[in-house]
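Assemble the dimeric complex from its two separately framed chains, guided by the hints.
Chains as they are written, first to last, in this note's numbering: chain A, 1 to 584; chain B, 1001 to 1142.
Be a bit skeptical, because a hint or two may be false.
[What the hints assert, rightly or not] Pairs of lysine to aspartate or glutamate residues, derived as EDC-like cross-links and limited to a Cα-Cα distance of at most 20 Å, are as follows:
(1) K82/A with D48/A
(2) K380/A with D393/A
(3) K1113/B with E309/A
(4) K115/A with D1071/B
(5) K115/A with D1120/B
(6) K442/A with D1071/B
(7) K1030/B with E1117/B
(8) K423/A with D1071/B
[Unchecked claim] Chain A regions said to be covered by chain B (calculated; three or more residues, Cβ under 8 Å):
(9) 133-141
(10) 533-546
Hints were generated in silico from the structure; no laboratory data involved.
Glycine is no exception: its CB is placed at the ideal position from the N, C-alpha and C atoms.
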Amino acid sequence: MKDSRIGVYICWCGTNIAKMVDVEKIAEDIGRLENVVIARNYKYMCSDPGQDLIIKDIKEHELDRVVVAACSPRIHELTFRKALENAGLNQYLFEMANIREHVSWVHTDREEATKKAADLVRAALKRVSYHEPLDKLSVAINPATLIVGGGVAGMSAAFRLAEAGKKVYLVEKEADLGGQAARLDLSFPYLNTVSSFLQPLIRKVKEHKNIKVFTGQSISEITGYVGNFKTTTGINGKLEDLEFGHIIVATGLSNYDPSPFKNYGYGRLPDVITSIEFEKMLRSGNIKCSDGKPPRHIAIIHCVGSRNENIHEYCSRTCCATALKYANQLRATFPGAGIYDLYADMRAFSKACEELYTKTSTKDVMFLMFDPERSLPEVKQAGWKDECNMLIDMHEILSGENVEVPADMVILMTAVEAQKDAKDIAHAAGISMCGNHFYIEKHPKLDPVATTTDGVFIVGTCQGPKDIPESITQAWAAAARVLAGISRGTVTVEVTTAVVNEEICCGCQTCISVCPYTAISFNEEKNVSEVNEVLCKGCGTCGSTCPTGAIRSRHFTDMQILSQIEGMLNEGKVKETHKILEEA
Amino acid sequence: MANFEPKIVAFLCNWCSYTGADLAGTSRMKYAHNIRIIRVMCSGRVDPTFVLKSLREGADGVLICGCHPGDCHYHEGNYKCLRRYEFIKQYLTEMGIDKKRIRLDWISASEGKQFAELADAMTEQVAELGPCRVRSIMENVT
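This is chain B alone, in the form it adopts within the complex (with noise of 0.2 Å):
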């Protein structure tokens, strides 16, 4: 498992976490290159199906990020999807999924290194979980 190179799928709001993420480029910190990084507009965007989505096409983790409490560009999208996170959790743990391979945390348009640090940390947590095995056994239904 030492060479295991988790696959991260990584939703992050317009406004706060995916600027973010680009200032930890323009500040050029380097972070774990398993995370792959797809806009929405609010973490409030984030569907319950998209996470589900990225297990079934072979993502080992998924990261949602959004702005901090209280600064949601869109006043509660942020809230809300915290309270559906909690659900997505709890669905995961019943179909025998870790929910640790899941994960929400808040960035803001000037936390780039906060950003380039939770990369690499949510890239561990998912490596010591090993790969995800909804794929194959969804390509292996008979």
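So here's chain A without its partners, still in its complex pose (with noise of 0.2 Å):
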């Protein structure tokens, strides 16, 4: 290993890293190894002047590499890589310790912290030595935009980025385009009709020329990186190819189904509906019992399968606001009938909700309370006796008394969940996917519409549940995002891909059947094996499998990774000069 000059920074991210890892001992001690020019703590590495700091240090110290142990490199280690660059320096000559996400926020013991801490900080050092300076390949990007999802999500986007004069690939699994949306009938908080502000996105959808729809069909695999994405769809089985440069994916979501809930009956009951049942009642502007007479007494039940342990722990954000519209509804319809509404919170969060709850208990609509952790709410046959089809049994917990609600009709506010496909798609796109199967964006702050994977954008309840401003939203941002990218015209790729060494390559073809993307071919004149950049990305399995150490993985080879290891369980060497001094 030749002499590097190495500038290593210790962010305290405020308190966040620095209450539980002695930075300072760690620059101190890290700034008497061998290689270390400089070693600095900093409050925030990732501000401006943090920034600086290193742009500074590198054209007056002469570094030729640079250390930063902050925050997880998921979130800045492209922030410090333009840092580097800024001054002049490959930013490959760059590496992370991530001793906030990895250490002060997940330990206790503070001198157990700081000590693992400066280990991270030696492997990171120990292996920047090893980096390489690598060049970052430069490719067109198609201006077409695939678009996965025909629902109000999806529609905006398509229509922003095709207004903007782009050509835009829509692809919707369902028959016709619309999606949930089109199953409602109005919107909450203004109780607008949804079919107002739908129906026409849905024509200028079809009609824009920059808009090609694919109704009922579905995306399986999708090949290609940033700017040169490829896949095939089509109709009745005349396949097309599509090429395209961005990915917005705008699945939405599906529906729970509640027949595991034994006390509401639904399934059993007639009269025992879900949300999007009563929906479509609405929308056919007859709302009728199964006997065919209008109900007389209404009971809406919140957080059916929401807020619930096991089944979604999550809360799906729309129902509260969607029973207070119902409510709304119905006291219009039928002006003398008993409403009851049980709910475990109120969560009228989105803009004017709350005011839609208060508007809506002046409407004569019972609000009657349950706490789901000591018991659910029980609906059961009446008696014959009884001037309503149903019961339902509750505990009301604001009062504290046993209450027995009457019903003709019980509407189940159902959670709301992602799709049964959800995980074709994650796959087909290079998509993660929380527990809950909803999509992961790469950042929620920092970068709330973008994956992990660079050109894929995640718009509308496939992200999470969310209203319909919120899918609008998101899909706006994420066609800024697009054009952005295609203004641009250009994208640098990563080149971490493998790289043979023919003096070495014996010829033994093992690299070429692990490889999952084909981008190994075999020269037979060589007698080695070659690596297409192009469709190589970088998973480093051929170098772990390479008998002779032909294949290097780009920025993970051997020698960084194995350095790294040294670096982390050695003290590491001591300066000469520092030698003298500590022993005089």
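If you want it as structure tokens, here you go:
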């Protein structure tokens, strides 16, 4: 290993790191080690002054490598790489040690946490000595975009892009566009008809010359990378190859089936219906019970499948406001009917929704609160003497009394959940999923509509429960991100691909057998393997399979990882100058 | 042996397991401080040499984490890792090293809690075995 001139920066992250890790001590200890020219600690390395510190040091101290110990590289690796580039240093001569997510936030013993953080910094220090400058590959961006899902979010994004003059391929698995919104009657909080804005949107999308709509189609496989993706789709067996530079996934949600809740009697009692079934009734303009009569008493039950540890822990977010919407619609239709709203918590959080709650409470709607941890309401068939079809037993916690609620119709506010085929789309597009199968954004605040795969964006309810305005906001945000990419014209792709050292390749072709992308081919003439850099995604499986070490996984080379292990488990060599000083 | 604090090197794939470990952090879960994480793009990148090098440099245990079967970002790297893992275990046994010093597990990007629990379980498992003597033996070869 040749001598390097390394700058090491330990971030406090305010108190996030500094309260659990002795950042000053680490900087001091690291500063004594060989090849370390400068070691500093600073409050916020990611801030502009923090980055300027690195840039200034690179110039002043002629640093040729940089280590930053801070948060996860998944958050700020690119920030610091850019700082290196601004200082004229190749951005790959940088390594990050994760001492926040992997140390200060998960440990409680300050001494041990400091020791661990120091180990991680030494590992990064040793690794960075073996980093090599890499060039980025610049490729042209195909200005077309693939949008998967033709609901409100997908169509909104499609229309924005098309209006900007860009080609859009919109693929919808159902026979019609519209998604979940097409199943709704009115929207909250202003009780406007959904179709009044949805139908014009559908028409605009269908008629737009820049949008090609594929209905009744799904996407099974997408190949390529940002700027140059490919897939195949088509109608009636007539397949079409599509090429596009970006992907927006807007696959939406599905509705929870409440049959497992025996206490609500869904499927057993004919007048217990789900909210989406009630929407259908509302759209038909004919609210009636299974016996054809109008209901005299209607009960609405919240949190069916949501906020329940055994089903969905999350809040479905839109059901409370939807329930308030129903109460208003029912009151308008049946002025004399009993309307009962059985809720666990009223979460009318969206803009103007609390006001809707207040307004609803003046309309003779009875709000009854239950505690789902104590007991759930129990719906049962009423007796022949009763003046209603069903009775609901519940413990009302505000009054502390057990009450019996009459009902001819029970509406279950069922949870929304991820699409059943969420995993297939996630695989095709390279998106990560939460445990509940909603898609994970790159970062909730720093990059909320992007994913960890460059060029792939997620919008609407495939990312999590949300209302229509929120879905549209995300769709427009993603459209803006895509347009920014298209107007840049080119994209730089990482070249952390595999490369073959032809001199030591023995021609065994083991690498070819393990490559998942058929990126490696055999050159018969030279008797060596060759990597196609455009196809290679840099997983490194070939590198760990190669018996001679001829394949190098760039930026994750054997030497880089082995030295990282060495640095982590050894104290490190102290500089000669320091030794003399310390002995004296 | 009560105060023995094992050193464990963990290789985590970038897409699922490293993200899962990050989630354990952002969720402020607490786990044993003995785990030192190295990021690889895919668990399929974990070369048996990395495991041997870790033990040689003084690690008492090695943990490898990848995406759940079927969820690999690179389609099947985790399966390759699994096959290699079986081989490494056999090799370690033949070398007189307890195979319980190495462990392969699947952690998804949403399994912060599971990662924290795994880190604790692995620490306990290795602590029971006591220090790994590979490094001291290698250093005293005459």
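Taking only the CA atoms, is the gap from K1113/B to E309/A under or equal to 20 Å? holds (15 Å)
Does the alpha-carbon distance linking K115/A and D1120/B stay inside the 20 Å limit? holds (18 Å)
Please verify whether K423/A and D1071/B have alpha carbons no more than 20 Å apart. Distance ~9 Å between K423/A and D1071/B Cα, so the pair holds.
Does E1117/B sit within 20 Å of K1030/B, going by the straight-line distance between their CA atoms? holds (9 Å)
Tell me if chain B covers the stretch 133-141 of chain A under the three-residue, 8 Å CB rule, please? Answer violated; 0 residues pass the 8 Å Cβ test.
Pair hint outcome, K82/A versus D48/A [Cα-Cα no greater than 20 Å]: Roughly 12 Å between the alpha carbons, so the hint for K82/A and D48/A holds.
Decide if the proposed pair is consistent with the structure: K442/A and D1071/B, CA atoms, cutoff 20 Å inclusive. Status holds; Cα separation ~18 Å.
Please verify whether K380/A and D393/A have alpha carbons no more than 20 Å apart. holds (8 Å)
Is the hinted pair K115/A and D1071/B satisfied, with a Cα-Cα distance of at most 20 Å? Distance ~34 Å between K115/A and D1071/B Cα, so the pair is violated.
Within 8 Å of chain B's CB atoms, at least three CB atoms from the stretch 533-546 of chain A: coverage verdict: Contact hint for the stretch 533-546 of chain A vs chain B: holds, 8 residues under 8 Å.
Hint compliance for this structure: hints 4 and 9 are broken, all remaining hints hold.
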